[in-house]
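Top line first, the protein sequences correspond to chains A and D. With the first letter of the first sequence counted as 1, position 172 gets the number 172 in my numbering; the numbers rise by one all the way through. In short: position in the second sequence from 1, add 1000, done, that's my numbering.
Source of the hints: derived by calculation from the structure; they are not laboratory data. Only a predicted model underlies this, so the values are computations on that prediction, with no experimental measurement involved. A portion of the hints provided could be inaccurate.
[Stated by the list, open to error] Partner residues are not named here, just some residues of chain A that face chain D (Cβ under 10 Å, in silico): (1) P58; (2) G77; (3) L78; (4) V103; (5) K159; (6) A162; (7) C203; (8) A243; (9) R244; (10) I269; (11) A272; (12) G274; (13) Y279.
Heads up, the beta-carbon is just placed ideally off N, CA and C, and yes, glycines get one too.
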Amino acid sequence: MRIPPRQFKMPSQDRGPGAQRVLLHPVTAAAPMFEQHAEIVEHREVLPGTHLLTLREPGIAQSAQPGQFVMLKTGDGLDPLLRRPFSICGRIQEDAFLLLYRVVGRGTKVLSRRSSGESLRVLGPLGNGFQHRQVSAPLLLVGGGIGLAPLFFLAQTLKQEAEARTVRFLAGFSNAGEILDAGIVPGAGGMEIATDDGSAGHCGPVTDLLEARLQDRDPPGESGTIFACGPPGMLKKVADIAARAGADCQVSLEAAMACGLGACLGCAIKAADGGDAAYLHVCREGPVVPAGAVDWGAV
Amino acid sequence: MSEQAPDLRVRVGPMELKNPVMAASGTFGYGQEFAELFDPALLGGIIVKGLSLKPRAGNPPPRIVETPCGMLNAIGLANVGLERFLGEKLPWLQALDTAVVVNIYGHSVSEYGELAGALRGVDGIDALEVNISCPNVEQGGMAFGTDPDASARVTEAVLDRSDKPVIVKLSPNVTDIREPARAVEQAGAHAISLINTITGMVVDVETHTPMLAHVTGGLSGPAIRPVAVRMVHEVVSTVGIPVIGGGGIMTARDAMEFLITGACAVEVGTASFVDPRATLEILDDLRDFCRNRGIPRVRDVIGTLKLEG
């Protein structure tokens, strides 16, 4: 059964404990939300242990904004019980979307065994995406490993919208063998690569590339906007670099969550001092939040 | 077999519900979170997130971890507090044509009473559910629920100040659930609900640390259902007041187990996380279950458990 699209009420004063007066960016999408069976169109292992899943669900594909996520039931039974949150990684034509994931636990292991033609229950699109319109150039996309997933979607969207501002896509990996080819998401290409061991691209963390780009901002005089997703340590460093460089920074957060709807309150992240709320909820105030809203000392 | 839709109405003490399926506290927000996906007014009732006098931020993360056929949570009763509940949440709930139950929590016996007093005379609240069973707070909560005398004192304090039916939600973390059940009945509770979550713990074998920042949490989900059914059986065999049963209900058949055992309504909780429309699907399937078996009134099923001897 298709759920009739409705306006998805986004974070505001009415969304729950302490949600008010936190300086969160305005909502990207007043998108409808769907709870559907989505058919697996394609499911392949792009790197050992990393899989790309194409799901056909036109409602989600059409309304999703970069940075938003879906809750996916990985199996049919009671174990694993909960759905898993996955950032949307890209759009394929008008009726399908991509998810990129690494097998890290029971849920992703069960998911990795599902094959084309099967269907999965999916809820989404959920949460707040990247705010990429009306922000300062250059647009600097900074990702590490599997955290590149929402940035691929952002890069794809910027390309589709024929973004006129300077866009730089900086991607960090542990080594050359772990590099995720941006070609898996149509139109998301053009990454500058850093690897921890120097086996490809710049030798060092991706934050080195970010610092270089911020020193040599294009166009000059603009503060720039950073869009980041990756391991907590990387995000913390990106937030620090952004603050020092006076660049706006939006980070996509991750947390274990049960519902994705703001009901369980499980996905809490310590908020920066000064706001009214002690915690941000990744599903409701995030997953994309301004870096300044997070208490990085607690990460 | 009649073509007529089965009569799903049930009575919980002074409260009449349009059907026995209620959304459990802490799993359904303030109802509005789910209104995008279905009309919560179709349910028998909504029990809102545990409310305290002052807003509560909740526990540090990680707050949840999945377990086999279940989950462990230590949210810590994060909630907007009385003032914002009345100003921002209740008006929407008041407009719903279903029973609205406010789950209340206090640090002390007097705080429970104060909260009950503050909700006295407030329209659109059909009952209070007294939470003496939250395992994830440092003060109050389960400390009352595991002590029959304290359970009775909290119940009395709420009844003293309230003009609404009072349901007391019991903790399963006791040796004999019949003791607090008897105590709150004697204190005058109109009904009992059970079970709250069962305390549990999960350890990360890589880091040798607990998976939850709060160390322990409350176990919910289908893993706990047999424990819940057993406890409902013990309580309905002991007290005369109505019992609302719950714990791991995922399907209409699960709900039927509780009704047959003697619960006059059910609370569906964790299932709403797995499938946000679970409560509605359980209700629809319950209606079909009754229709397919020629059960004209669901209330006729309540307490029909057959025991040998």
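Checked hints:
1. P58: Violated - the Cβ of P58 (chain A) stays beyond 10 Å from chain D, reaching only about 18 Å at its closest.
2. G77: Status holds, d = 9 Å.
3. L78: 5 Å, holds
4. V103: Violated - the Cβ of V103 (chain A) stays beyond 10 Å from chain D, reaching only about 16 Å at its closest.
5. K159: With Cβ-Cβ at 31 Å, over 10 Å, it is violated.
6. A162: 33 Å, violated
7. C203: 29 Å, violated
8. A243: 23 Å, violated
9. R244: Cβ of R244 (chain A) sits 27 Å from chain D, so the hint is violated.
10. I269: 6 Å, holds
11. A272: 14 Å, violated
12. G274: It is violated, given that the least Cβ distance between G274 (chain A) and chain D is near 15 Å, above 10 Å.
13. Y279: 6 Å, holds
When the structure is compared with the earlier hints, violations turn up for hints 1, 4, 5, 6, 7, 8, 9, 11 and 12 and for no others.
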